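Asker: Protein sequence lines, in the order shown, are assigned to chains A and B.
Going by the numbering used here, the first sequence opens with residue 729, and the numbers climb by one from there.
Going by the numbering used here, the second sequence opens with residue 279, and the numbers climb by one from there.
Quick caveat, the hints were computed from the structure, so don't treat them as lab data.
Please note that a few of the clues may not be correct.
[Claimed, not checked] Under the rule of at most 20 Å between Cα atoms (straight-line distance), these lysine to aspartate or glutamate pairs were calculated in the DMTMM-like manner: (1) A:K1820 / B:E332; (2) A:K1820 / B:E530; (3) A:K1820 / B:D306; (4) A:K1062 / A:E1050; (5) A:K1229 / A:E1380; (6) A:K1763 / B:D337; (7) A:K1882 / B:D341; (8) A:K1287 / B:D341; (9) A:K1320 / B:D306; (10) A:K1062 / A:D993; (11) A:K1229 / A:D1465; (12) A:K1287 / B:E332; (13) A:K1287 / B:D306; (14) A:K1089 / A:D1101.
[To be verified] Sample of chain B residues with no beta-carbon within 10 Å of chain A, all distances over it, derived: (15) D341; (16) A344; (17) A350; (18) G563.
[Claimed, not checked] A short, non-exhaustive set of chain A residues, derived as facing chain B with CB atoms under 10 Å: (19) I854; (20) T921; (21) Y1187; (22) G1193; (23) K1287.
Since the structure is predicted, the reported quantities are computational estimates derived from the model, not experimental observations.
Ideal Cβ placement from N, Cα and C applies to all residues, glycine included.
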Amino acid sequence: MADVNEVQATMDGNSAVAHVAYRVNEVCSIYPITPSSPMAELADEWTSHGLTNIWGNVPVIQEMQSEGGAAGAVHGALQAGALTTTFTASQGLLLMLPNMFKIAGELTPSVFHVAARSVATQALSIFGDHSDVMAIRPTGFAMLASNSVQEAHDMALVAQAATLKSRVPFVHFFDGFRTSHEVNTLTLVPDETIRAMIDDEAVKAHRARALNPENPFVRGTAQNPDVFFQGREAANPFHLAVPGIVADAMEQFDALTGRHYKLFDYFGAPDAERVIVVMGSGAEVVRETVGHLVAHSEKVGVIIVRLFRPFSVEHLLSALPETCRAIAVLDRTKEPGATGEPLYLDVVSAIMRAGRETMPKVVGGRYGLSSKDFDPAQAKAVFDELKKPEPRNGFTVGIKDDVTFSSLDVDASYATEPDDAVRAVFYGLGADGTVGANKNSVKIIAEDSGRYAQGYFVYDSHKSGAQTVSHLRFGPNPIRSPYLIRSANFVACHQFHFLEKIDVLRLAAPGATFLLNSPYGLDEVWEHLPRSVQEQIIAKKLKFHVIDASTAAREVGLKNRTNTVLQTCFFALSGVLPHDEAIAAIKQAISKSYGRKGKRIVEQNWAAVDGALARLHEVKVPAEPSSRFERPPIVPDTAPDFVRRVTARMMEGLGDEIAVSAMPVDGTFPSGTAAWEKRNVAEEVPVWRQDLCIQCGQCSFVCPHSVIRAKYYDEAQLDGAPASFKSAPVNARGYPDVQFSLQFYVEDCTGCGLCVEACPAQSAVEPGIKAINLEEKAGLVAAERENIAFFEGLPVNDRARVDFANVRGVQFLEPLFEFSGACAGCGETPYVKLLSQLFGDRLMVANATGCSSIYGGNLPVTPWTKNAEGRGPAWSNSLFEDNAEFGLGFRLAADKHLEIARDLLCQMADAVGPDLVTAILDAPQISESEIRRQRERVAELKTKLLALKGNATAEYLLSVVDHLVRRSVWIVGGDGWAYDIGYGGLDHVLASGRNVNILVMDTEVYSNTGGQASKATPLGAIAKFAAAGKRTARKDLALQAIAYGNVYVAQVAMGANPQQTLQAFREAEAWEGTSLILAYSHCIAHGYDLRKGLSQQDKAVASGYWPLLRYDPALRGVGEAPFRLDSPRPTLPFKDYAYNELRYSALAASRPDKAAALLGEAQQAIRDKYHSYEEFARMDAGPNPSEVMGAARKL
Amino acid sequence: MDLTTSYLGLSLKNPVVASAGPLNRHLDNLLHLQDCGAGAVVLPSIFEEQIEREQEIFDALIDHGADSFSEALSYFPAQTAYAYDTGQHLALIENAAASLAIPVIASLNGTTANGWVDYARDIEQAGAAAIELNIFFIPSDATESGLDVEARYVDVVRAVSSTVKIPVSVKIGPYFSSPGHMAGELTEAGAKGLAMFNRFYEPDIDPATLTVRPDIQLSNAYEMRLPLLWIGVLAGRTPASLAATTGVETPEDVVKYLLAGADVVMTTSSLLRHGIDHMRVLVDGLTDWLSSRGLNSPADIRGRMSHANVDNPEAYERANYIKVLQDFDGL
């Protein structure tokens, strides 16, 4: 029977699972990976607040260096008798595989909670499918699937109860994002129920089996051919018992909570003829479809798989109606080359074993890879297929496969949603609080009004100016529909400019309410709508409302935070709650949400609620459209074919409609597509004051989005320049009649303001005016488009004539990394851009998974680009953990192919001319002019080789001839990779002596996954997984690398000393061995306005926290000590640097005593570290360091 | 020797008080001040504007970048959000009140009507012996009249005094047309004491960068002339306790203020300059000064040189000015 103490709550799947996992374990061994990270984050936070498990003790949380490490620690903790869990997904689960075989082989009870996610193949994807969990089938782990937030909560407990009883370890999995991140109403399992489900005798038995010197034994032997096989079979009874144990646990759970579950649950017509077998969130979709079809007298049903391993044939068959004649098994994974996907093969095998007189036809199909939305229309398409006498096997559903024609046709108009639910879709920007407000609305409705609510949120792949789409359902009954809203009766567009970018009314149902946040009032708004928007409003008979939420928010002091205003409008218009009740509930929720943030914020938000409705107006919709403008094409007609056919569709939010034939077969995409995506995310952009400019190049050096370009050119080329095009005479001597221009790509700018901060040229008479100032963008765009076109027509400056050795010169080098989707003010991308400027046309980049692989390679567009000659960085991402090895592989191939090319070239000396051969073989290739000359020689060689048609050696040489131009191999990634998960490989590459360059962009946290602590995280800072403040100092990777003696090592901070950064990059590249650069990268996860990023970098150096240093092994060769300390002694207390950042000051505010103690330790550590660096530097007794020697001499 | 002094109705063991300053943020320092003989301590102000501003920034930073990117829906642990509030200040009041035998006076600088009242209530609940209202307000709006400004002061004092039961004093600036009248108004509104004077934020201008920069200087002995004047004028004419706050460097300065009529003498700058132990120098110096003259109590000298008590009260008025000028002319 249902527990009388049951509590209804709203939370996402990760929270629902962590709630249980935390309570039934003693040790959690964790590592961040999307989408499972929030489970581990919650566990860490609960620990820091002293929350106890059901035995009254606080679990131990240990972050590890990788999932492999996490699994190892789990294994050890289990062997030592602790109840232990972990949370993971995708590649992380794969890294756990070796330990999982061991843990299962040793019959050790544990539950791994997995937010199932795609495994990277032709591309990485963070989204959900079963390709990761399917990879663990041979481990011996039991596999229990959950289909919804409630189930994930419940099955987490069932799995724990069953593993303790059975001794077989479990993977409990649920769909990444669709379940892990869906917010839904659920009934919490009370602690006493959890307590009742856990058998303490089993816990004690687990402990009794633990390694114990008081009762010694040996576990983990090596076995020989004589007994290994038998030993493997010896565990059979335990695995065979699992289905019964899980069924019992489900029954016990039912008795305690009233919620019924079976290993295989059947829903549908008792006499169903067509049945779908499916597991995961898709099962809920099929279940909803079945309900609808059965109501229309269709004989259909669904079998929902919960216990996938061990697969109980008996339980499956008992769930299958005798009347069934056709079964479709849906797999959310792909196994190329197999006769079918895993669940399908299991079902086929089971049906074969059934021995029924009439065997049903069984077909398999794939759906929903990487969270491809799976809806009732697709489920119906599968049932329709089963109606056919020969239903297709190996089909796909949800895509258009026009290559191998596997896909089923889907009637998109089919819908099953009940009429009593409100379905609302909201378009917002990441920064505008729309998602936060919607999560809040879900809570208000579901927790305080006894109704049910569901929220699911879709984000685009940019880190700055990202668009969000919120899908919310509300109703009087539990909401199961785990798919995006197809037909909304409420559509809100919180950003007016979206109307010209995307079709915001596509999902609006006839008669729906449309709320538009508009700067234009009731009387003006209509004329500012694109024609297609007007047409849809009229055709669909939408109830059209406008509000100027920005003004309403500003009026109450909330600046541009419009979320409360718009949330109030939603409640007022949707009628989901009675008006007065809604207002009271919003205010109460504001008190709850913002109470901790201060009275003023609460009062401002209350005022926003009160003021919102006064500004909300219904627009009288004219009978006919009158607009004379239309939504402009997403890219111009001049864009390349691929960009127009494929990229633009993705940019428009219509990627789902791209057919298989349009996709590259192997994950290869063209470079430089970011330039086609004019995102216009900045409200203010830089404007140049050429009269004040000293042409120093600092602004373009620090620009994270490569939107500041410089050129010098002959004055005569200004003929025909647009009137607003700006130029100034070059201020260097010896260049008469030469002009200089800075051009801002305003539509690609994020308005971060770093350029303004970097600009040293200040007006002597105008307060606050520099050579670069931010101004409102709105009136500038049209003129700047013309200016950019003119600027691009000016000749690109000859690299051979540019002085690479100083920052001023670098501004004339074309960046081959531009307009990325990185955060506004990103501290990493200026380094990446610099790399592309210095070495871009011969650059190979191995990029570790993380921020840099996401802003560098997440579709729809890519910022890595090429120059006018068609040359540019060749970029690839392998994995998170293997990047150093991956990049070393680039070098190995390059070295081998260079060797082959040189060898073949010698063989071809007579045919192509010995002088040319000698010149190519002996060419120095350090300076840009030397590289340029080598390119010319190789071009000449190619011409000669191509002329030798039919010469096999010539053709073979042509296949490797490009290697004769020196390649620059860079291994790029963040600190999570370099310090933690990839450290073993990185260390090996450092030891290899090979000519690769490693750039670590050190943000001191796992930035891409939301700021979890790494071994680079500083002492005293808070981070996820270090919610109570990091207690240990960061690893000194520089000193570790220096210890090898033959590795070039530099520690740089662009904001403190750009010249030193530039020098380090060039020296590293010139060093014909392994190089390592640690680059201080300010980050959104540090918690301050990134506009101050450069000055914070300066303070990091001034405080001695981040000393600038270079270790150049080449200096040894000239009799000098190789270690150079490039920054002066600390002049600033660490506190004056650190406490500008929330990561430090938050701890000072919340736990001042602890923060003070950690601050003291951190300051002492800085003193000690600096002292040892000085000792090291003092070993340099040679000439003045300003006499640049060693590697630099070659430049 | 009996240095006992009554201030705001509180009994102090002597009239030297450590006024609100950065040293007083730490309980250890407060205990040290007590050991060095301080008669009372005033804790650093709760600045409503600063708290609200910090909350606002904190709030913005916590949320910055949140709910925007699938892999990073936040960048800080969720529980970070409780950080900035009055908790730390109130905890200090509570700890100080529990740990110190001498009176702990809390200081409050509000910006909104609700802020003054709400925080005052919190302060009282935290255990402060009294509240000093640090009305730190620059009427930069040139359309606001002097009467309006005065009304603001009076309203705040009235609102707080009617809310809390502990005594309320006001730290005022010297820039009223008639400070004496103002003192009367404030007393009428419920103030039990006046601390004179507040030193206002006086920013500097950097001609190189064309920026306004905050530049706070410690007070010096010369600055005590103005409060000395007004304490002398008001002593004996107002029911309010009088606290002198500016320019105290030596025991002689303490004596001067007492002679003018101050009930207590407050210092921060001298403690910052010379260390907390300087409190002992001031208290012992006062004792020595009194005993060297055969006096037993500050009461013996308090107000002896006030406007009301000097033989030639006009020395506090225009005649004084004339004399100074005459002396100057004679040089």
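Asker: Does each hint hold? Answer for all of them.
Answerer: Hint-by-hint comparison with the structure:
A distance of roughly 17 Å separates the Cα atoms of K1820 (chain A) and E332 (chain B); the hinted pair therefore holds under the 20 Å criterion. Our distance criterion of 20 Å between C-alpha atoms is broken by K1820 (chain A) and E530 (chain B), whose separation comes to about 48 Å. Taking the CA atoms of K1820 (chain A) and D306 (chain B), the gap is about 35 Å. The hint is violated against a cut of 20 Å. With a C-alpha separation of about 30 Å, the suggested pair K1062 (chain A) and E1050 (chain A) falls outside the 20 Å cut-off, and the hint is violated.
Restraint check: the Cα-Cα separation between K1229 (chain A) and E1380 (chain A) comes to about 7 Å, which is no more than 20 Å; the hinted pair holds. For a cut-off of 20 Å, the pair hint linking K1763 (chain A) to D337 (chain B) is broken: about 31 Å separates their Cα positions. Between K1882 (chain A) and D341 (chain B) the CA atoms are separated by roughly 24 Å; this puts the pair beyond 20 Å, and the hint is violated. For a cut-off of 20 Å, the pair hint linking K1287 (chain A) to D341 (chain B) stands: about 14 Å separates their Cα positions.
For the hint pairing K1320 (chain A) with D306 (chain B), the CA-to-CA distance comes to about 36 Å; that exceeds 20 Å, so the pair is violated. For the given pair, K1062 (chain A) sits about 24 Å from D993 (chain A) by alpha-carbon distance, which is inconsistent with the 20 Å threshold. Simply put, K1229 (chain A) and D1465 (chain A) have alpha-carbon atoms about 44 Å apart, too far for the 20 Å limit, and the pair is violated. Between the alpha carbons of K1287 (chain A) and E332 (chain B) the distance comes to roughly 16 Å, so the proposed pair stays at or under 20 Å and holds.
Between K1287 (chain A) and D306 (chain B) the CA atoms are separated by roughly 41 Å; this puts the pair beyond 20 Å, and the hint is violated. Annotation: proposed proximity of K1089 (chain A) to D1101 (chain A) is violated, straight-line Cα distance about 27 Å (limit 20 Å). With 10 Å as the threshold on Cβ separation, the claim that D341 (chain B) sits away from chain A is violated: the shortest Cβ distance comes to roughly 7 Å. Consistency note on A344 (chain B): stated as away from chain A, yet its beta-carbon is not over 10 Å from all of that chain's, at 7 Å minimum.
Consistency note on A350 (chain B): stated as away from chain A, yet its beta-carbon is not over 10 Å from all of that chain's, at 4 Å minimum. In this structure G563 (chain B) is separated from chain A by more than 10 Å, as the shortest Cβ-Cβ distance comes to about 34 Å. A least Cβ separation of about 6 Å between I854 (chain A) and chain B falls short of the 10 Å threshold, and the interface hint therefore holds. Below 10 Å, beta-carbon pairs count as interface contacts, and T921 (chain A) has none with chain B, the closest being about 26 Å; its hint is therefore violated.
The criterion of a C-beta within 10 Å of any C-beta in chain B is met by Y1187 (chain A), whose closest approach is roughly 5 Å, and the hint holds. The beta carbon of G1193 (chain A) comes within 9 Å of a beta carbon in chain B, closer than 10 Å, and the hint placing it at the interface holds. Annotation: K1287 (chain A) was flagged as interfacial toward chain B, and the flag holds, the nearest CB pair being 9 Å apart, inside 10 Å.
Hints 2, 3, 4, 6, 7, 9, 10, 11, 13, 14, 15, 16, 17 and 20 from the list above are not met by this structure, while the remaining hints are.
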